[in-house]
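Line order of the protein sequences matches chains Z and R. FYI, in the working numbering the residues of the first sequence are 324 to 602. FYI, in the working numbering the residues of the second sequence are 219 to 523.
Treat the hints as calculated values from the structure; they're not laboratory data. Please note that the accuracy of each hint is not assured.
Said to hold, decoys possible - Lysine to aspartate or glutamate pairs mimicking DMTMM-like chemistry, simulated, CA-CA at most 25 Å apart:
id: 1; chain 1: Z; residue 1: LYS496; chain 2: Z; residue 2: GLU424
id: 2; chain 1: Z; residue 1: LYS496; chain 2: Z; residue 2: GLU486
id: 3; chain 1: R; residue 1: LYS345; chain 2: R; residue 2: GLU376
id: 4; chain 1: R; residue 1: LYS345; chain 2: Z; residue 2: ASP369
id: 5; chain 1: R; residue 1: LYS345; chain 2: R; residue 2: ASP360
id: 6; chain 1: R; residue 1: LYS345; chain 2: Z; residue 2: ASP380
Computed from a predicted model, the values in this text were never measured in an experiment.
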Amino acid sequence: MSAARHSTARSIAAHAILATYTLIALFPVFVIVVNSMKSRRAIFSDPLALPTRETFDLVGYRTVLAQGDFLLYFQNSMIVTVVSLVFVLLFGAMAAFALSEYRFRGNLLMGLYLALGIMIPIRLGTVAILQMMVASGLVNTLTALILVYTAQGLPLAVFILSEFMRGVSDDLKNAGRIDGLSEYTIFFRLVLPLVRPAMATVAVFTMIPIWNDLWFPLILAPSEATKTITLGSQVFIGQFVTNWNAVLAALAMAIVPVLVLYLIFSRQLIRGITAGAVK
Amino acid sequence: MAERKPFRWHVLVFLAPAVLVYTAIMIVPLIGTLNLSLYGRAGGERVWVGLQNFATLFGDPRWSGAFWNALGNNAWFFLVHMLLQNPVGILLAALLSSPRLRMAAFYRTAIFIPTILSFVIVGFVWKLILSPIWGIAPSMLDAVGLRSLFAPWLGREEYALTTLALISVWQFVGIPMMLIYAALLSIPDEVIEAAEIDGITGWSQFWTIKLPLILPAIGIISILTFVGNFNAFDLIYVSQGALAGPNFATDILGTFLYRTFFGFQLQLGDPHMGATIATAMFGIILLGVCIYLFAIQTRLRRYQF
Chain Z
324 MSAARHSTAR SIAAHAILAT YTLIALFPVF VIVVNSMKSR RAIFSDPLAL
374 PTRETFDLVG YRTVLAQGDF LLYFQNSMIV TVVSLVFVLL FGAMAAFALS
424 EYRFRGNLLM GLYLALGIMI PIRLGTVAIL QMMVASGLVN TLTALILVYT
474 AQGLPLAVFI LSEFMRGVSD DLKNAGRIDG LSEYTIFFRL VLPLVRPAMA
524 TVAVFTMIPI WNDLWFPLIL APSEATKTIT LGSQVFIGQF VTNWNAVLAA
574 LAMAIVPVLV LYLIFSRQLI RGITAGAVK
Chain R
219 MAERKPFRWH VLVFLAPAVL VYTAIMIVPL IGTLNLSLYG RAGGERVWVG
269 LQNFATLFGD PRWSGAFWNA LGNNAWFFLV HMLLQNPVGI LLAALLSSPR
319 LRMAAFYRTA IFIPTILSFV IVGFVWKLIL SPIWGIAPSM LDAVGLRSLF
369 APWLGREEYA LTTLALISVW QFVGIPMMLI YAALLSIPDE VIEAAEIDGI
419 TGWSQFWTIK LPLILPAIGI ISILTFVGNF NAFDLIYVSQ GALAGPNFAT
469 DILGTFLYRT FFGFQLQLGD PHMGATIATA MFGIILLGVC IYLFAIQTRL
519 RRYQF
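Work out the full structure, taking the sequences as your base and the hints as a guide.
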């Protein structure tokens, strides 16, 4: 039996495939980041080379930062993403708690109603959403985007979080009730801390589409003051199509925040998914 | 029984914010959009036209050609995803979950990274890589002696849609990988040990033991892919523009809806036809979800451990 050798060969093969795919996955990011730090001539003459002492040049970053708008777009994206995320997590967790903890008439129906939105994309309601936002004067405000993204994120959040909250021990909650804690205290103090991995899973799956969305910023908030970074870089590419340094630097910078947020949450992500999201 | 108890206000307080926001911003506009598709405009007035808009969409040659083209393209877009994204995702997840694999966390994070990138970045960088002018792809193919295979894939009518579908698969393969990985991890050790005692190991263990256990996860991924694909817009818009060039070869329902609703170049935006297309998309997605729920989900055996 050559089980040991066999398994070494298998593990080498596994590493080879995974490493190859990792290269494929990261290659375009590498192209953007590397070239954003090179002089214009080097971008064209040797796009795959790392920047050397001669070709290293941060002119792209200087151009983008000098433009000023870019920082505003960043700020807009940050505000929209973080505020929507807070609302989705808070409202989602509250509704999930109500659905999983209390028996009341229409409980199941309410769960189904809220879950509908997982399958039916909110984008299909755009025509009426725009009319509504125009009527209420919310067009070209960040509020419009925050409202839409909160609604968009809630169904999945409620679904995942209520699966988790069913797993929280009843003894704990009942002990809290015997000690005279109110339902609100039980929710905020006892249950919320226990479902943190699930919250991280929800946060990742909520945050990424919000940060990257192009459709609603394009339709609901295309003004200069409310552009998000995604819409902003889209416009930037159009305007500065000849200024490659600037475009590449802008894109490289647009990757950073969502990458940082992802890395913060990702540790809990697998634990969260494993513990019940797909079951 | 319940009526005799005091009214539990906290249930209402917990539910109200989510239900209100969701109903006001999602359900009401959705119904509003469906409703709007039954109206038309005549001399500046909004008039009830019943199913007239749908007759126009499916029957009028000015509309139906574009609609069926977009629908066909969308179906192909989805098919490429199903044929590639799920098998690749399963393969990667199976490899990642092999016991005692070093650096699994690194691979997992790296392969998931394209998923978190915005379409703007993805569209731009792939246009750059595939561009015949800048030429990373041609020179890379040159390096392995396959220069002759290169073509401006995004610019040719016959390749453009498939190329975009492949880019989309590249971007989103992390999601099936992650979900299937999680599903594989949640298979209890006893099941695997029992299989090993029976002498079922390696790939045959994967095919006979693990795959049936992760079928529900694959089902969920498939339906999420379906919904995502038939609702896609961004990638086509950022890489080929609202006109979904070349010559509408990459036009899908999302870009068709955008053009109709907002107008482009000489065509004026038309909220009623836009709503009609949105309703058609709603119908298609609903049909897919129902087929999934009734035909697939109910037949999948749920394993309780």
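> What are the numbers of the hints that this structure violates, sorted from low to high?
Replying inline: Hints that this structure does not satisfy do not exist here, as all of them hold.
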